[in-house]
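For the protein sequence lines, the chains are A and B, in the order given. Per the working numbering: the first sequence = residues 2 to 433. Per the working numbering: the second sequence = residues 79 to 254.
Simulated from the structure, these hints should not be mistaken for lab results. Quantities reported herein were computed from a predicted structural model and do not represent experimental measurements. One or more of the hints may lead you astray.
[To be verified] Partial list, computed: chain A residues near chain B (C-beta under 8 Å): (1) A125; (2) I126; (3) A129; (4) K130; (5) P133; (6) V136; (7) K137; (8) L140; (9) K144.
We treat Cβ as the ideally placed atom computed from N, Cα and C, and that holds for glycine.
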Amino acid sequence: MSEMIIRTPILARVEGEGSLYVRINKGAVRQVRLKIYEPPRFFEAFLRGRAYSDAPDLTARICGICPVAYEMSAVHAIETIFGLEVGGQLRALRRLLYCGEWIESHALHVYLLHAPDFLGYQDAIGMAKDYPDLVKKGLALKKAGNEIMRIVGGREIHPINVRVGGFYRVPTRPELAALVESLEEAREIALETVRWTATLPIPDFKQDYEFVALRHPTEYPLNEGRLVSNRGLDIPISDFEDHFEEEHVAHSNALHSFHKGYGAYMVGPIARYNLNFDRLSPLAQQAARETGLGEWCDNPFQSIIVRSVETLYACDEALRIIREYEMPPEPALPLNVRAGTGYGCTEAPRGILYHRYSLDENGMILDAKIVPPTAQNQKMIEQDLTQLVTANLDLAKPDLAWRCEQAVRNYDPCISCATHFLKLEIEEEGRP
Amino acid sequence: MRGAGPSKNEAVLVIGAGQPWRGDDGVGPALVRELRLYFSEHPDLAQLRPRLEEANDGLVDFLESSSGYSKVILVDAVVTGSPPGTLHRWEVAQKPLPASLRACSTHGFDLGGAIELYRALNMLPRSLVIYGIEAGQFETGSDLSPAVKAAIPACQARLLEDLTLYSRQPSPPTLA
Numbered sequence: 002m003s004e005m006i007i008r009t010p011i012l013a014r015v016e017g018e019g020s021l022y023v024r025i026n027k028g029a030v031r032q033v034r035l036k037i038y039e040p041p042r043f044f045e046a047f048l049r050g051r052a053y054s055d056a057p058d059l060t061a062r063i064c065g066i067c068p069v070a071y072e073m074s075a076v077h078a079i080e081t082i083f084g085l086e087v088g089g090q091l092r093a094l095r096r097l098l099y100c101g102e103w104i105e106s107h108a109l110h111v112y113l114l115h116a117p118d119f120l121g122y123q124d125a126i127g128m129a130k131d132y133p134d135l136v137k138k139g140l141a142l143k144k145a146g147n148e149i150m151r152i153v154g155g156r157e158i159h160p161i162n163v164r165v166g167g168f169y170r171v172p173t174r175p176e177l178a179a180l181v182e183s184l185e186e187a188r189e190i191a192l193e194t195v196r197w198t199a200t201l202p203i204p205d206f207k208q209d210y211e212f213v214a215l216r217h218p219t220e221y222p223l224n225e226g227r228l229v230s231n232r233g234l235d236i237p238i239s240d241f242e243d244h245f246e247e248e249h250v251a252h253s254n255a256l257h258s259f260h261k262g263y264g265a266y267m268v269g270p271i272a273r274y275n276l277n278f279d280r281l282s283p284l285a286q287q288a289a290r291e292t293g294l295g296e297w298c299d300n301p302f303q304s305i306i307v308r309s310v311e312t313l314y315a316c317d318e319a320l321r322i323i324r325e326y327e328m329p330p331e332p333a334l335p336l337n338v339r340a341g342t343g344y345g346c347t348e349a350p351r352g353i354l355y356h357r358y359s360l361d362e363n364g365m366i367l368d369a370k371i372v373p374p375t376a377q378n379q380k381m382i383e384q385d386l387t388q389l390v391t392a393n394l395d396l397a398k399p400d401l402a403w404r405c406e407q408a409v410r411n412y413d414p415c416i417s418c419a420t421h422f423l424k425l426e427i428e429e430e431g432r433p
Numbered sequence: 079m080r081g082a083g084p085s086k087n088e089a090v091l092v093i094g095a096g097q098p099w100r101g102d103d104g105v106g107p108a109l110v111r112e113l114r115l116y117f118s119e120h121p122d123l124a125q126l127r128p129r130l131e132e133a134n135d136g137l138v139d140f141l142e143s144s145s146g147y148s149k150v151i152l153v154d155a156v157v158t159g160s161p162p163g164t165l166h167r168w169e170v171a172q173k174p175l176p177a178s179l180r181a182c183s184t185h186g187f188d189l190g191g192a193i194e195l196y197r198a199l200n201m202l203p204r205s206l207v208i209y210g211i212e213a214g215q216f217e218t219g220s221d222l223s224p225a226v227k228a229a230i231p232a233c234q235a236r237l238l239e240d241l242t243l244y245s246r247q248p249s250p251p252t253l254a
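Bound conformation, chain A alone:
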């Protein structure tokens, strides 16, 4: 074979429009491009001149799957400008809301988007016909996450209850207690999910990754922590831009991030897991150990297991928060609006989401910067594909293309919606 081209012309819409292009020549991978051609959305630009209070709700609209992440990174950034520390039960409620998003997002990806790859189905509909009970469990798990979003966030998609300083309304104890039964059931399903995903045929693959995630003194990271990596990074989130940079590449409308002096890096469930295994709940740790996953994972195809472990943790953590909940006297803390620059970085289901805002003395946004997890993973996805294709040149083209798609979905990129609609086109030239 002198040249082979794997081309995926469409990676759908909504959560991102992209395609995949791989060119192989004389037995070597010459070019791998994850092209994101969705038009730029200019959120950072149109936030300028808006009030600080608009930031959480406006940025939440960036994504229908992880709106809480955007709300959280925004409110934390702005609260640092106002010198405000939201603690106690308000902080716990934010964590609970984030657990809801993790459960919902991870369940969707594990069961409806990623599992069909491992079981050989084009989509979840085909899989549902043969594995109805499995898919029903996935939907039940997702529903438990949705319920948290509805009760704490005001609605399931694009919740509207988060504000700088706290919430517009806080739930009563009985309202949260009503979630316990479905969450206990969800925790059982999540435990089964960990065991089940560990039985899936996982392709053999590994790389020497730099993993980057938040790390908190006592908690598995959601809202807070320092940024750490397995290559010695240990910085406050306010130093993010000193260490990470975004660059424009001609083939993508999404900026590519890299760690200055290091290069590509991975964010998301595996990075969090590797850097924070000791912060998981005992139940989640035990479940992970039982599967043989261990405390360290460098095969991105195992992300489906890690995502399941995190889902189990999120159910466990949500139940803990609800058990200890006391309704706070006020839904939000009073604010002292002032000028300044603030930083927020929280753990979206797909990895760290960085926000920076500068406000004037009236709280109007002068400048905003948002670095989402999928932009940070793009370079790593391309490197995975390069190595994967190189190691699997003997596969038939459809199998190789399938494996490439599966590898993209390891990262649950916001373009993953599209990857299930990929119409793979493979061109070969001059095959001997």
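Let chain A serve as the given structure and place chain B on it in line with the hints.
Leaving out everything else, chain B in the frame of chain A:
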């Protein structure tokens, strides 16, 4: 939102799907608002009143929230190539949506995909009717176009016929 009067359509859910800020995409929510107004102005018809909901996103979630209802009616904007304002009606509990309506949507589940997923799981409501109103434009921030706005009374009248029929039928047990 349910009125004070007793309804025989408590197990009927009517959902208006779409984004009110995206031109004709907002026709589903607009129709649900019209129905709310209609029932508030016609307390004598309280026995026909279904559960009325708007859904701006997440069609997989819409089916999830429809569990517990024996009959579901969804009103949505569609693009099939007919003139704007054309009213379509499909009963999909027994057969799939036309292939022409299948399209990409959030995370790979368009309306047809969500319905087929639930059909595969035997989780569809016993009756699922979709009213599709042909859209002309999806301009951000714009109102409904005149032809689509003009189609609302006809759709409402047809839907009230369904609700009248449902109110005369004995309620079958709902699916879990």
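Query raised in the report: What are the numbers of the hints the structure violates, in ascending order?
Result: Every hint satisfied by this model.
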